[in-house]
Amino acid sequence: MRTTPSIVGTWQITVPKSEGNPESFEAFHTFFADGNWVEVNSFKDSNHGVWMGAGNTYLLTFAGFTSDEQGKYNGKIKVRASIKMDGADHLTAQWVLDMIDREGKVTEKAYYGTFEGTRMEVELP
Numbered sequence: 004m005r006t007t008p009s010i011v012g013t014w015q016i017t018v019p020k021s022e023g024n025p026e027s028f029e030a031f032h033t034f035f036a037d038g039n040w041v042e043v044n045s046f047k048d049s050n051h052g053v054w055m056g057a058g059n060t061y062l063l064t065f066a067g068f069t070s071d072e073q074g075k076y077n078g079k080i081k082v083r084a085s086i087k088m089d090g091a092d093h094l095t096a097q098w099v100l101d102m103i104d105r106e107g108k109v110t111e112k113a114y115y116g117t118f119e120g121t122r123m124e125v126e127l128p
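Quick note: the sequence shown uses the working numbering, first residue 4, plus one each step.
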């Protein structure tokens with residue numbers, strides 16, 4: 004257990020289905036000490052972003068590419084999240100997602116919701 008909570012590390016994330024989010028999914032979020040961030044999720048997407056904050060409150064902004072059912076590129080997403088650590092190994096967040104099509108048209112807050120995370124720890128073999 005850590006004495007001073009820090010968001011730096013890898014987190015196992017659960018994003019539940021909700022009114023603003025039609026499908027639940029899981030993800031791994033890695034927060035690097037230099038303010039960079041990376042995600043891979045159960046949709047097999049990877050997203051990249053940046054974070055800032057201290058103590059138990061953080062902000063995260065990230066982006067990723069989208070594709071249609073045939074796998075053809077059709078735009079991007081941008082997500083903004085407000086994160087609260089409610090312990091050294093647990094966090095909760097609220098997020099909003101903007102859709103950006105190939106022509107640059109933005110649909111603000113196309114999806115929104117919450118997520119919860121548990122810190123990944125080293126385990127003995």
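In short, the hints are calculated from the structure, not lab data.
Small disclaimer: the values here were computed from a predicted structure and weren't measured.
Please note that a few of the clues may not be correct.
If you anchor each label on the Cβ, the simulated ranges turn out as follows [claimed, not checked]:
(1) S27 / E124: 19 to 25 Å
(2) N77 / A36: 15 to 21 Å
(3) L127 / G38: 17 to 23 Å
(4) G23 / E124: 28 to 34 Å
(5) L127 / N77: 42 to 48 Å
Computed list of lysine-lysine pairs in DSSO-like fashion (alpha-carbon distance at most 27 Å, straight line) [said to hold, decoys possible]:
(6) K79 / K112
(7) K108 / K20
(8) K20 / K87
(9) K81 / K108
(10) K108 / K87
(11) K108 / K47
(12) K79 / K20
A virtual CB, placed ideally from N, CA and C, is assigned to each residue, including glycine.
Against the structure, the hints:
Here the CB-CB span from S27 to E124 is close to 24 Å, well matched to the stated 19 to 25 Å. At about 34 Å, the CB distance of N77 to A36 disagrees with the hint of 15 to 21 Å. Against the hinted window of 17 to 23 Å, the Cβ-Cβ separation of L127 and G38 comes to about 31 Å, which falls outside the hint. Taking 28 to 34 Å as the suggested C-beta distance range, the pair G23 and E124 conforms, at roughly 31 Å.
Between L127 and N77 the C-beta distance comes to about 45 Å, which sits within the given range of 42 to 48 Å. A hinted pair counts as satisfied when its Cα atoms are at most 27 Å apart, and K79 with K112 qualifies at roughly 13 Å. Between the alpha carbons of K108 and K20 the distance comes to roughly 26 Å, so the proposed pair stays at or under 27 Å and holds. Taking the CA atoms of K20 and K87, the gap is about 20 Å. The hint holds against a cut of 27 Å.
Of the supplied pair hints, the one linking K81 and K108 holds, its CA atoms being roughly 12 Å apart against a limit of 27 Å. Our distance criterion of 27 Å between C-alpha atoms is broken by K108 and K87, whose separation comes to about 31 Å. Our distance criterion of 27 Å between C-alpha atoms is met by K108 and K47, whose separation comes to about 25 Å. With a CA separation close to 21 Å, the supplied pair K79 and K20 stays within the 27 Å bound.
Violated hints for the displayed structure, listed by number in ascending order: 2, 3 and 10.
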